[in-house]
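Trainee: Could you put the whole structure together from the sequences, leaning on the hints where they help?
Protein chains: 2
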Amino acid sequence: MRTIIRDTLNKVGEKATIYGWVRLVRDHGKVTFVDVRDFSGVIQVVFVGNADAKSLRSEDVVVIEGTVQQRKAGTENTEIETGSIEIFGESLTVLERAGDLPIDMGAAELNVELPTLLDHRSLTLRHPKVQAIFKVQEIIVDAFRNALKEKDFTEFVAPAIVPTATEGGAEVFKIDYFDYNAFLGQSPQFYKQIMVGAFERAFTVGKVYRAEPSVTTRHLTEYLSLDAEFGFINDFMEIMDMVEYVMRRIFKDLSEKGEKYLKLYGATIPQFSDKIPAVTMDEAKEIIFKRTGRDIRKKPDLDPQGEKDICQYAYEEFGSELIFVTHYPTAKRPFYTYPNKDNTEITDSFDLIGRGVEWVTGGRRINNYEHIVENAKKWGNDPEALDIYLQAFRYGMPPEGGFALGAERITMNILGLQNIREASAFPRDMERVDVMLRDIQPEEE
Amino acid sequence: MRTIIRDTLNKVGEKATIYGWVRLVRDHGKVTFVDVRDFSGVIQVVFVGNADAKSLRSEDVVVIEGTVQQRKAGTENTEIETGSIEIFGESLTVLERAGDLPIDMGAAELNVELPTLLDHRSLTLRHPKVQAIFKVQEIIVDAFRNALKEKDFTEFVAPAIVPTATEGGAEVFKIDYFDYNAFLGQSPQFYKQIMVGAFERAFTVGKVYRAEPSVTTRHLTEYLSLDAEFGFINDFMEIMDMVEYVMRRIFKDLSEKGEKYLKLYGATIPQFSDKIPAVTMDEAKEIIFKRTGRDIRKKPDLDPQGEKDICQYAYEEFGSELIFVTHYPTAKRPFYTYPNKDNTEITDSFDLIGRGVEWVTGGRRINNYEHIVENAKKWGNDPEALDIYLQAFRYGMPPEGGFALGAERITMNILGLQNIREASAFPRDMERVDVMLRDIQPEEE
Numbered sequence: 019m020r021t022i023i024r025d026t027l028n029k030v031g032e033k034a035t036i037y038g039w040v041r042l043v044r045d046h047g048k049v050t051f052v053d054v055r056d057f058s059g060v061i062q063v064v065f066v067g068n069a070d071a072k073s074l075r076s077e078d079v080v081v082i083e084g085t086v087q088q089r090k091a092g093t094e095n096t097e098i099e100t101g102s103i104e105i106f107g108e109s110l111t112v113l114e115r116a117g118d119l120p121i122d123m124g125a126a127e128l129n130v131e132l133p134t135l136l137d138h139r140s141l142t143l144r145h146p147k148v149q150a151i152f153k154v155q156e157i158i159v160d161a162f163r164n165a166l167k168e169k170d171f172t173e174f175v176a177p178a179i180v181p182t183a184t185e186g187g188a189e190v191f192k193i194d195y196f197d198y199n200a201f202l203g204q205s206p207q208f209y210k211q212i213m214v215g216a217f218e219r220a221f222t223v224g225k226v227y228r229a230e231p232s233v234t235t236r237h238l239t240e241y242l243s244l245d246a247e248f249g250f251i252n253d254f255m256e257i258m259d260m261v262e263y264v265m266r267r268i269f270k271d272l273s274e275k276g277e278k279y280l281k282l283y284g285a286t287i288p289q290f291s292d293k294i295p296a297v298t299m300d301e302a303k304e305i306i307f308k309r310t311g312r313d314i315r316k317k318p319d320l321d322p323q324g325e326k327d328i329c330q331y332a333y334e335e336f337g338s339e340l341i342f343v344t345h346y347p348t349a350k351r352p353f354y355t356y357p358n359k360d361n362t363e364i365t366d367s368f369d370l371i372g373r374g375v376e377w378v379t380g381g382r383r384i385n386n387y388e389h390i391v392e393n394a395k396k397w398g399n400d401p402e403a404l405d406i407y408l409q410a411f412r413y414g415m416p417p418e419g420g421f422a423l424g425a426e427r428i429t430m431n432i433l434g435l436q437n438i439r440e441a442s443a444f445p446r447d448m449e450r451v452d453v454m455l456r457d458i459q460p461e462e463e
Numbered sequence: 019m020r021t022i023i024r025d026t027l028n029k030v031g032e033k034a035t036i037y038g039w040v041r042l043v044r045d046h047g048k049v050t051f052v053d054v055r056d057f058s059g060v061i062q063v064v065f066v067g068n069a070d071a072k073s074l075r076s077e078d079v080v081v082i083e084g085t086v087q088q089r090k091a092g093t094e095n096t097e098i099e100t101g102s103i104e105i106f107g108e109s110l111t112v113l114e115r116a117g118d119l120p121i122d123m124g125a126a127e128l129n130v131e132l133p134t135l136l137d138h139r140s141l142t143l144r145h146p147k148v149q150a151i152f153k154v155q156e157i158i159v160d161a162f163r164n165a166l167k168e169k170d171f172t173e174f175v176a177p178a179i180v181p182t183a184t185e186g187g188a189e190v191f192k193i194d195y196f197d198y199n200a201f202l203g204q205s206p207q208f209y210k211q212i213m214v215g216a217f218e219r220a221f222t223v224g225k226v227y228r229a230e231p232s233v234t235t236r237h238l239t240e241y242l243s244l245d246a247e248f249g250f251i252n253d254f255m256e257i258m259d260m261v262e263y264v265m266r267r268i269f270k271d272l273s274e275k276g277e278k279y280l281k282l283y284g285a286t287i288p289q290f291s292d293k294i295p296a297v298t299m300d301e302a303k304e305i306i307f308k309r310t311g312r313d314i315r316k317k318p319d320l321d322p323q324g325e326k327d328i329c330q331y332a333y334e335e336f337g338s339e340l341i342f343v344t345h346y347p348t349a350k351r352p353f354y355t356y357p358n359k360d361n362t363e364i365t366d367s368f369d370l371i372g373r374g375v376e377w378v379t380g381g382r383r384i385n386n387y388e389h390i391v392e393n394a395k396k397w398g399n400d401p402e403a404l405d406i407y408l409q410a411f412r413y414g415m416p417p418e419g420g421f422a423l424g425a426e427r428i429t430m431n432i433l434g435l436q437n438i439r440e441a442s443a444f445p446r447d448m449e450r451v452d453v454m455l456r457d458i459q460p461e462e463e
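Residue numbers (the working numbering), protein chains in the order written: chain H, 19 to 463; chain Z, 19 to 463.
Any given hint could turn out to be false.
[To be verified] Derived SDA-like pairs (lysine to any residue); straight-line CA-CA distance at most 20 Å: (1) 169(H) x 28(Z); (2) 192(H) x 228(Z); (3) 167(H) x 150(Z); (4) 278(H) x 24(H); (5) 192(Z) x 196(H); (6) 192(H) x 188(Z); (7) 192(Z) x 230(H); (8) 192(Z) x 449(H); (9) 192(Z) x 182(H); (10) 275(H) x 163(Z); (11) 169(Z) x 27(H); (12) 359(Z) x 114(H); (13) 395(Z) x 363(Z).
In short, the hints are calculated from the structure, not lab data.
Mentor: Shown next as structure tokens:
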């Protein structure tokens with residue numbers, strides 16, 4: 019009968035049989051300490067005069083029988099939940115031996131460069147600090163989902179195979195689709211708008227694809243997009259309110275369930291006051307000019323330094339690590355973005371900027387049929403290929419809008435990771451799909 | 019101030035302003051009845067001598083102010099939650115007019131053929147009976163997720179872009195991936211096994227892709243796969259126990275939250291006794307021979323009629339609409355399937371069959387490094403392309419296994435839908451990706 023490691027805490031003085039992986043072995047001559055992990059935690063096992071225990075190595079798969087006992091005073095380990103106890107090992111079975119490890123998996127820090135981290139991904143995913151990243155991401159995605167379900171949003175499945183390249187034609191992957199071409203969707207935008215027609219409030223959690231032709235620290239070719247959209251808004255400020263509501267839930271759940279993971283990264287929940295402050299794009303550029311002397315007032319939107327500067331402003335003026343920048347220029351937003359009623363050069367749209375980078379993007383959408391058809395054509399889209407999308411407007415679409423965030427980006431922003439690849443279990447870029455593509459495929463001519 | 023339609027039940031005698039879509043208009047001369055829907059429900063609005071109300075058509079987007087009142091005795095509508103009340107309409111604003119509808123959206127049944135259903139997908143998704151399908155699917159996916167989270171499974175994101183075609187080379191989509199080829203994953207199998215090495219218990223909800231070169235009623239090229247995998251099993255029966263646990267949760271949640279949707283389809287929750295019965299493949303074929311005289315004992319596994327027959331047996335013998343068939347032949351299962359220790363011609367695997375068709379597939383996997391490498395090669399895979407997968411075994415993998423179910427298939431099976439396309443909001447097949455591909459693309463030479 020297996021004892022889950024977490025449950026050993028209730029079994030002091032009793033026998034226990036644990037199943038797991040060797041995390042680390044410390045050989046003190048006659049006494050061997052073996053840390054073992056399973057899905058529920060880590061515990062120390064003490065073997066005395068056991069040659070088999072001496073031969074154990076990290077990642078060996080073992081079954082250990084023994085007696086749970088209190089640790090000697092002064093030898094407790096506050097780093098693990100079972101740190102007040104240990105198992106006195108009585109029998110040991112090795113189910114599978116691990117091969118030679120290219121990395122010291124027992125260390126508190128992995129201390130490897132990114133290529134090494136990814137070349138040995140199936141191993142590095144076993145390190146507690148790496149696992150923390152994906153526990154944090156799971157909490158973020160759950161929080162997004164639960165927050166919106168409580169507001170009566172319907173979760174739906176958006177397709178990723180799409181009939182036409184729509185948002186930025188160059189950065190789309192083409193699929194050989196039987197006798198035709200198809201493409202990998204760059205966003206579920208059209209589908210979530212269609213779902214507003216059906217369910218009024220809809221969201222989807224799914225992969226989107228960008229054929230980003232460069233290797234940067236902030237782009238993946240495949241990432242998890244959290245997308246929400248809802249109808250009957252009076253103003254795009256209501257969308258920002260919904261973003262704030264969702265972000266609050268994410269932060270609340272992270273502080274309740276994710277504290278130990280954040281601690282490993284010295285990360286904190288972003289602070290903001292009663293309400294996330296908001297400035298228009300023009301105001302933002304003016305503020306930056308006044309504060310820094312750097313004049314980007316003629317540029318269409320904020321450059322990376324501008325995003326840093328406006329965050330600095332938000333922090334100093336409002337004690338907020340997050341700030342909305344609103345009214346992005348029409349030229350910088352997709353064809354479905356709602357133009358501002360007083361100035362069609364700008365849109366009823368926003369980005370949420372935090373800690374110097376973009377966190378969320380959103381806005382109101384055009385909901386009138388003639389208007390969306392006109393804009394689709396103006397932007398060079400084929401209305402026939404967009405038929406299902408345009409139908410949603412032909413048959414009555416209310417004023418609506420929504421927002422999107424990337425799960426990996428939010429994870430990266432919260433934990434302060436240096437490279438977004440760390441926030442994806444299996445990151446894809448133009449060179450790597452698990453392995454380096456040049457190593458397994460001849461380049462095409 | 020908007021009143022959500024559901025909340026009108028608490029506002030009898032009060033003013034309310036509702037926002038929504040016209041579901042149907044019944045013009046009785048001086049009196050016009052307008053059913054309006056929003057995300058929370060449907061309510062009847064009564065207009066007296068209102069010409070604008072007479073001009074309303076289904077799917078018009080409206081704002082209506084009025085007074086909530088009890089309906090006259092005998093005029094209640096038990097089909098809708100607000101059926102005991104109605105709104106006496108006092109003002110009407112049309113936000114957007116719907117175009118001419120190609121389908122009668124006000125009818126209780128859509129009564130359209132599948133091509134029509136899909137040609138007008140953004141409209142047909144608004145019909146209550148169509149919406150019920152996706153509400154049921156949402157309950158199924160949530161139940162799968164919540165059941166496994168309660169068992170300490172970690173949810174992770176499996177990639178869909180993969181470096182090599184692995185499970186059935188012919189039915190895989192190829193992607194133009196920068197200077198290389200990549201492929202769309204046919205299952206998250208490798209990744210969930212890798213995650214067993216990391217988290218011991220893992221699941222993922224994500225899209226998988228099959229280049230199914232035929233149009234059938236049971237295949238989609240893109241579908242939502244619910245995949246779970248876990249370590250430290252003693253026997254593959256433990257995987258079947260986990261399947262049973264998950265199915266119980268799905269059925270429980272459907273009966274608690276989905277009853278009204280099931281009712282629209284005259285659908286019932288599958289019945290089974292204390293435990294889902296199980297027979298081996300050989301036993302199943304023998305039973306079928308004895309019961310029907312049809313001899314499929316020389317065939318490797320059950321044909322479609324065989325699946326129907328074994329379900330008939332389960333129902334008559336055990337009162338169960340579900341039955342496990344175990345020990346599928348090695349030749350019919352992928353290279354990672356665990357061979358039975360007494361007979362390597364068969365595997366420690368199973369299908370859950372219900373109502374005559376497959377519901378779930380699963381089994382134990384090979385967990386020894388040398389064994390999996392040998393099998394990968396024997397099945398013709400390139401070990402270099404599988405490097406990240408094989409690593410998981412090189413560095414210690416416990417005995418493990420798992421299972422998978424398709425969200426659309428389970429939805430179809432429970433509701434008794436005739437075609438799996440009905441169970442996908444945006445179904446893709448070899449001819450259709452929203453629109454018929456031949457209509458928007460020249461065929462490639």
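Trainee: Now tell me, hint by hint, if it's right for this structure.
Mentor: Hint check:
1. Note on residue 169(H) and residue 28(Z): the hinted pairing holds, with a Cα-Cα distance of about 19 Å set against a maximum of 20 Å.
2. With a C-alpha separation of about 16 Å, the suggested pair residue 192(H) and residue 228(Z) falls inside the 20 Å cut-off, and the hint holds.
3. For a cut-off of 20 Å, the pair hint linking residue 167(H) to residue 150(Z) stands: about 16 Å separates their Cα positions.
4. Distance check on the hinted pair: residue 278(H) and residue 24(H) sit about 16 Å apart at the alpha-carbon level, within 20 Å; holds.
5. Annotation: proposed proximity of residue 192(Z) to residue 196(H) holds, straight-line Cα distance about 10 Å (limit 20 Å).
6. With a C-alpha separation of about 18 Å, the suggested pairing of residue 192(H) with residue 188(Z) holds against the 20 Å cut-off.
7. About 18 Å separates the Cα atoms of residue 192(Z) and residue 230(H), which keeps this hinted pair within 20 Å; it holds.
8. Simply put, residue 192(Z) and residue 449(H) have alpha-carbon atoms about 17 Å apart, close enough for the 20 Å limit, and the pair holds.
9. Taking the CA atoms of residue 192(Z) and residue 182(H), the gap is about 17 Å. The hint holds against a cut of 20 Å.
10. Distance hint between residue 275(H) and residue 163(Z) is fulfilled; the C-alpha atoms sit about 18 Å from each other, no more than 20 Å.
11. In summary, the hint linking residue 169(Z) to residue 27(H) is supported, as the alpha carbons are separated by about 19 Å, within the 20 Å threshold.
12. Between residue 359(Z) and residue 114(H) the alpha-carbon distance is near 17 Å, which keeps this suggested pair within the 20 Å criterion.
13. For the suggested pair residue 395(Z) and residue 363(Z), the alpha carbons sit about 18 Å apart, so the restraint of at most 20 Å is met.
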